[in-house]
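Sequential numbering of the sequence shown, starting at 1, is according to the UniProt record's numbering.
No lab work stands behind these hints: they were computed from the structure.
Some clues are possibly wrong.
[Claimed, not checked] If you anchor each label on the Cβ, the simulated ranges turn out as follows:
#	residue 1	residue 2	range
1	142	407	24 to 30 Å
2	388	123	52 to 58 Å
3	494	116	55 to 61 Å
4	138	19	33 to 39 Å
Bear in mind that the values here come from a model prediction, so they are computed numbers and not experimental data.
Backbone N, C-alpha and C fix where the C-beta goes; we use that ideal spot for every residue, glycine too.
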Amino acid sequence: MTASTSVSLPPGPPLLDMQGIQKAFAGVRALDNASLSVGTGEVHALIGQNGAGKSTLIKVLTGAYRRDGGTITFAEESVEFASPLAAQQGGIATIYQEVNLVPLRTVAENIFLGREPKKWGLIQWRSMNAQAVRLLSELGISIDVTQPLGVYSTAVQQMVALARAASIRARLLIMDEPTSSLNEREVATLFDVIRGLKSRGVSVIFVSHRLDELYAVCDRITVMRDGRTVYAGDMADITRLQLVEQMLGRSVRSEGAQTGFVRGQGSGNGTMLLSAQNIVRGTRLQGASVEVGAGEVVGLAGLLGSGRSELARIIFGADQPDSGSVQLGGHSAALRSPADAIRAGLGFCSEDRKAEGIVPELSVRENLTLALLPRLARAGVVDTARQAEIVDQFIARLGIKTSDPEQPIRELSGGNQQKVLLARWLAMNPRLLILDEPTRGIDVGAKAEIQHLIGELAAGGLGVLMISSELEELIEGCHRVSVLRDGKTVVQLSGEQISEAQLLHAMAQGSAQDSVDTALTAAGTGA
1 MTASTSVSLP PGPPLLDMQG IQKAFAGVRA LDNASLSVGT GEVHALIGQN GAGKSTLIKV
61 LTGAYRRDGG TITFAEESVE FASPLAAQQG GIATIYQEVN LVPLRTVAEN IFLGREPKKW
121 GLIQWRSMNA QAVRLLSELG ISIDVTQPLG VYSTAVQQMV ALARAASIRA RLLIMDEPTS
181 SLNEREVATL FDVIRGLKSR GVSVIFVSHR LDELYAVCDR ITVMRDGRTV YAGDMADITR
241 LQLVEQMLGR SVRSEGAQTG FVRGQGSGNG TMLLSAQNIV RGTRLQGASV EVGAGEVVGL
301 AGLLGSGRSE LARIIFGADQ PDSGSVQLGG HSAALRSPAD AIRAGLGFCS EDRKAEGIVP
361 ELSVRENLTL ALLPRLARAG VVDTARQAEI VDQFIARLGI KTSDPEQPIR ELSGGNQQKV
421 LLARWLAMNP RLLILDEPTR GIDVGAKAEI QHLIGELAAG GLGVLMISSE LEELIEGCHR
481 VSVLRDGKTV VQLSGEQISE AQLLHAMAQG SAQDSVDTAL TAAGTGA
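Produce the entire structure from the sequences given, and follow the hints as far as they go.
Quick look at the structure:
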């Protein structure tokens with residue numbers, strides 16, 4: 001694969017031009033002659049697999065890292081920002097995937113943190129709150145800006161971070177996975193905001209793993225692989241298949257499959273591993289049900305707030321239902337804690353791997369064997385030889401890219417962190433594995449590998465309950481799908497019934513048949 005040389009930039013010199021950027025850590029080259037050019041008033045996609053060098057390139061630009069070589073020109077001036085604050089003061093604002101704000105401070109305080117409007121040394125609270133309300137209203141958000149930020153959802157916090165960046169009046173806005181916590185309506189609002197920024201001459205670097213988003217909002221694209229820029233060109237000049245090929249560095253044989261799943265994988269033998277029926281908990285679950293057999297991948301679909309994660313937590317014993325029943329292997333199961341669930345043969349990869357999965361300061365070895373330690377210890381002493389053997393086995397089996405089992409897991413890419421979490425549970429030899437958004441926020445290559453692994457596990461007889469917001473994953477990867485709406489299971493689909501139309505109807509209307517009945521009723525009454 002060679003880098004594109006046919007790149008149409010907006011008229012005039014680029015706002016940002018990075019050329020020949022070099023950066024190494026402890027002798028390992030993270031950036032190797034990388035480049036990035038962004039025109040004034042353009043939305044520019046920056047993509048690549050985890051570990052490709054995207055984050056490092058952004059940190060070099062914003063002063064978090066000092067480059068080893070190369071040049072950076074911003075607004076026709078050679079620059080080398082000493083810190084992210086210096087970059088912000090120079091006209092570059094960054095919104096990171098993990099919201100980096102202060103939950104105990106008010107919304108308004110977070111927007112103007114360090115830049116509070118003052119008079120005679122005193123903060124002008126009324127003015128600050130009014131400005132915060134105005135900035136959020138431009139984003140379609142109406143909330144009490146005097147409340148602590150922590151009382152609001154992650155999606156709202158993400159929009160507050162955007163409002164903070166907009167308040168800086170930056171010439172270049174860097175957005176790192178800005179839609180990861182937003183629902184469809186909020187994503188549409190964000191894209192409207194981005195287009196508004198573009199119309200005012202503001203440039204945007206848009207980092208996302210969601211290809212549809214790139215084609216919806218971006219003008220040009222830069223692809224990185226192994227620390228190098230391998231492609232730069234117009235979005236209109238590259239197909240999705242070609243884009244994936246550039247990211248992976250190899251040809252994809254067929255455009256038919258959109259994921260790494262292969263329909264039909266699995267070895268269902270009729271053994272029912274899990275049956276959760278009519279689960280009720282508060283207002284979040286109002287009659288949710290799901291069943292998983294041996295060798296099956298069963299999907300849980302639904303819009304944000306439909307109760308998918310809440311149902312998974314109850315199955316795993318993290319929360320207790322108000323009513324309903326859970327059976328494992330045909331027998332009633334009283335799982336009072338995750339420890340009970342683990343003893344019963346369940347594993348659970350939660351949605352937020354950073355907050356609820358990995359222990360950042362521990363090594364790959366320690367994270368991988370965390371759940372297995374009680375089985376590896378005798379009289380309180382861990383069998384380190386057996387531990388090392390298991391770690392080496394799963395690093396090889398899952399293709400975990402790490403320099404050494406003792407490397408801190410926080411230094412791994414998101415996809416490799418997710419593989420370590422999968423290995424943690426596979427080492428327990430579970431009967432049923434619950435996966436909550438197993439491929440969220442990881443690159444296309446790692447996503448395909450994990451999807452293929454899930455199919456292989458099912459083929460080996462493991463039961464998998466998979467929550468996913470990506471319809472393609474559910475359609476191509478699941479034998480059956482249970483759709484939740486407002487905390488209730490509204491339809492269960494299997495085989496060829498699993499289609500985009502059926503899933504969308506069920507999520508929006510309650511069931512595919514409901515929508516037909518509604519249409520017929522409306523036609524009959526002349527409505």
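Item to check | Which numbered hints fail | outcome: 1
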